[in-house]
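In order, the protein sequence lines correspond to chains A, B and C. Using our numbering, the first residue of the first sequence is number 3, and each one after it goes up by one. Using our numbering, the first residue of the second sequence is number 135, and each one after it goes up by one. Using our numbering, the first residue of the third sequence is number 591, and each one after it goes up by one.
Since the hints were made in silico from the structure, they are not lab data. Some hints here could point you the wrong way.
[Said to hold, decoys possible] Among chain B residues calculated to face chain C with C-beta under 8 Å, some are:
(1) T177
(2) L204
(3) S295
(4) I299
(5) F327
(6) L376
(7) G380
Cβ atoms here follow ideal geometry from the backbone N, Cα and C, with glycine treated the same way.
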Amino acid sequence: MSQIAASTNDDGNLVEIRDVSFQYGTRTILDNLTLGIPRGRVTAIMGGSGCGKTSLLNLIGGRLRPSRGQVLVDGQNVPDLNIRELYQLRKRMGMLFQHGALLTDLSVFENVAFPIREHTRLPEAVLRNLVLMKLQTVGLRGARDLMPWELSGGMARRVALARAIVLEPMMIMYDEPFTGLDPISMGVIAKLIRELNQVLGITSIVVSHDVAEASLISDYAYLLGNGRILGQGTPTELQQSTSPDVRQFMDGLPDGPVPYTYPARNYLEDLFGENGR
Amino acid sequence: MKMFQSLGAAVLSTIERLGSAALFFFDILGNSWALVKRFYLVTQQVYAVGVFTLPIVLVSGLFVGMVLGLQGYNTLVKFGAAQSLGLLVALSLLRELGPVVTALLFAGRAGSALTAEIGLMKATEQLAGMEMMAVNPVMRVIAPRFLAGVISMPLLAAMFSAIGILGGHLVGVGLLGVDSGAFWSQMQNGVDFRDDVMNGVIKSVVFGVVVTWIAVFEGYDAVPNSEGVSRATNHTVVYSSLAVLGLDFIMTALMLGDV
Amino acid sequence: MTNRKTVEVWVGIFVAAGVFALGVLAFRVGNLTTTDVTDGYRVEARFENVGSLKVRSAITLAGVRVGRVAAIHSDPDTYQAVVVLNIDGRYKNLPTDTSASILTAGLLGEQYVELEPGGAEEYLKEGSRIKLTQSAMVLEKLVGRLLTAFIDKPADNK
Numbered sequence: 003m004s005q006i007a008a009s010t011n012d013d014g015n016l017v018e019i020r021d022v023s024f025q026y027g028t029r030t031i032l033d034n035l036t037l038g039i040p041r042g043r044v045t046a047i048m049g050g051s052g053c054g055k056t057s058l059l060n061l062i063g064g065r066l067r068p069s070r071g072q073v074l075v076d077g078q079n080v081p082d083l084n085i086r087e088l089y090q091l092r093k094r095m096g097m098l099f100q101h102g103a104l105l106t107d108l109s110v111f112e113n114v115a116f117p118i119r120e121h122t123r124l125p126e127a128v129l130r131n132l133v134l135m136k137l138q139t140v141g142l143r144g145a146r147d148l149m150p151w152e153l154s155g156g157m158a159r160r161v162a163l164a165r166a167i168v169l170e171p172m173m174i175m176y177d178e179p180f181t182g183l184d185p186i187s188m189g190v191i192a193k194l195i196r197e198l199n200q201v202l203g204i205t206s207i208v209v210s211h212d213v214a215e216a217s218l219i220s221d222y223a224y225l226l227g228n229g230r231i232l233g234q235g236t237p238t239e240l241q242q243s244t245s246p247d248v249r250q251f252m253d254g255l256p257d258g259p260v261p262y263t264y265p266a267r268n269y270l271e272d273l274f275g276e277n278g279r
Numbered sequence: 135m136k137m138f139q140s141l142g143a144a145v146l147s148t149i150e151r152l153g154s155a156a157l158f159f160f161d162i163l164g165n166s167w168a169l170v171k172r173f174y175l176v177t178q179q180v181y182a183v184g185v186f187t188l189p190i191v192l193v194s195g196l197f198v199g200m201v202l203g204l205q206g207y208n209t210l211v212k213f214g215a216a217q218s219l220g221l222l223v224a225l226s227l228l229r230e231l232g233p234v235v236t237a238l239l240f241a242g243r244a245g246s247a248l249t250a251e252i253g254l255m256k257a258t259e260q261l262a263g264m265e266m267m268a269v270n271p272v273m274r275v276i277a278p279r280f281l282a283g284v285i286s287m288p289l290l291a292a293m294f295s296a297i298g299i300l301g302g303h304l305v306g307v308g309l310l311g312v313d314s315g316a317f318w319s320q321m322q323n324g325v326d327f328r329d330d331v332m333n334g335v336i337k338s339v340v341f342g343v344v345v346t347w348i349a350v351f352e353g354y355d356a357v358p359n360s361e362g363v364s365r366a367t368n369h370t371v372v373y374s375s376l377a378v379l380g381l382d383f384i385m386t387a388l389m390l391g392d393v
Numbered sequence: 591m592t593n594r595k596t597v598e599v600w601v602g603i604f605v606a607a608g609v610f611a612l613g614v615l616a617f618r619v620g621n622l623t624t625t626d627v628t629d630g631y632r633v634e635a636r637f638e639n640v641g642s643l644k645v646r647s648a649i650t651l652a653g654v655r656v657g658r659v660a661a662i663h664s665d666p667d668t669y670q671a672v673v674v675l676n677i678d679g680r681y682k683n684l685p686t687d688t689s690a691s692i693l694t695a696g697l698l699g700e701q702y703v704e705l706e707p708g709g710a711e712e713y714l715k716e717g718s719r720i721k722l723t724q725s726a727m728v729l730e731k732l733v734g735r736l737l738t739a740f741i742d743k744p745a746d747n748k
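Next comes chain A alone, as it looks inside the complex:
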């Protein structure tokens, strides 16, 4: 039940989530969620495991349908689109999956070339230059003939990033881009996300539970928990928040609103209860 922080007119927000609820089976993942992703900025979505961050990305990308509410991307309500319109919209969205999701039977070059080959009829020479330029942006032009299994985790994600930007999308969604990387690779990815946003003006949504890195690169952040927004603001504002939910997450406290102890019976009862007095 929070308010959208940035201005609510469509000029300000590329993506708007309005009163969205989403269930997985009987579990409620998102409960009446409302938030906005401002155009041309880097927005972080943070939260513990299972709080619905990835589901949110899938709702925006149209792979999931909300049980109620609207998911507006550039003015269009995603759940209302038919297959053709959805595919048209997806061409303007880029998504970076957690492990890259590169096609394993294609080389690095072919992977980046894939969207161009599928959606355009560009001549081979133009295609080649386009691919090489994008690879250069992520610093992997020399790796173009390697196969996906020859790449480290960080390199694979960079290639996937090059592939995501090859058709110059209006926005990119990053699903846990820092998870499982060494500090150097993390730094590389963070630099790329920031640069792509500043140089190309691509709206970026970063889903992460790495508080430090996400705070460094984002302009605005939402903290999700229990299907709702626990806190929001610029990274500085969140660092200074006094809300116990926000504090526990930002400081990494083992016990707090998210309890350390899994609900159980009284300890003494459990140990000695059945075995006599």
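Assemble chains B and C onto chain A, guided by the hints.
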């Protein structure tokens, strides 16, 4: 009471899966038209599916033919009908063994490979990635493999039967002394194009459709982790084999009934 | 990713081999070339009993196949079996008094129609009727006749 409950649940979930498999089948067919312009995708899969299954089909065909020669001779010679060996071998292969054994080999080798490949693509989010790049994975990944299976099966079955007949000839004429002329002439007089050869081809096409359909569906529907993929591969081999044997009976009954 | 050329070559070989195998099976193993009766004409013959004669059973002349049975049905008025014979157009010189018998291939084999030409000057053509027919031998009746012959013989001692 619990037993009935779980039985009911199992039946319901089977029907649900069958329904989603049927919808998937129509989805594949719908997406197959786009491949006419991009036939190289299908060709690639015929290579992966058909050409790689060829060695095991040829070797098995040879051995089956040779065994038929041995067993057939053994029994026919008791009735003084050893000259009909060629006919026996040809009919057994064309009508039954060719399509059925090839289908079982295909399910085990190509079918399980398809399931594993597609399941793995699902588990590593490659299919999801494709969707987000606005490429329909059913058109790009599934349909070419399905068409490749349907095209390859009848060709493989024909080659199985052909080499099996050669194997039968090798053993019958070469080793056991059946007259070569009688071997071929009895065969040519007794084998009917429509009833035997065509029916065998029809069977192999039907088997191709069913086995490939099960293989791609199990892969696409697999639980996206290593255990799920392994279980899906298991399903493919078991269900395909049962389906082939069951359909074989039904088709044979229909085909013989007509005559 | 395997070279595109290699893939196409192997697939081409594979498909060619498969089609070749199919061809061998159809023409060399089966009898595709001789299945169809070309330019045939239809002739009718009536039998008391057709035995196990089937549609598409062979019609032979001096042991050579000259046609196939096109249809078999029963005439409700005369209680006879009507067999329609489809004779290949190459054999247009069958006299109108040709006889048709239903014989068995081997001892227990399938049945076929054997034609024996007569000596008439006119030839059979489309729609003609063969008048002289010999029905199929039914095993039970044969055995019955054999038995009655043995029973009669002793009593015949004069």
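A quick look at each hint next to the structure:
Hint status for T177 of chain B relative to chain C: holds, with the closest Cβ pair at about 5 Å, below 8 Å. For L204 of chain B, the shortest C-beta to C-beta distance to chain C is roughly 20 Å, which exceeds 8 Å, and the interface hint is violated. The interface hint given for S295 of chain B holds, since its Cβ lies 6 Å from the closest Cβ of chain C, which is under the 8 Å cut-off. Taking 8 Å as the C-beta contact cut-off toward chain C, the hint placing I299 of chain B at the interface holds, the least distance being around 6 Å.
The restraint placing F327 of chain B at the interface with chain C holds, with a minimum CB-CB distance near 4 Å, inside the 8 Å limit. For the restraint placing L376 of chain B at the interface with chain C, the shortest Cβ-Cβ distance is roughly 26 Å, beyond the 8 Å limit, so the hint is violated. Hint status for G380 of chain B relative to chain C: violated, with the closest Cβ pair at about 25 Å, above 8 Å.
In the structure shown, a violation is registered for the earlier hints numbered 2, 6, 7, in ascending order.
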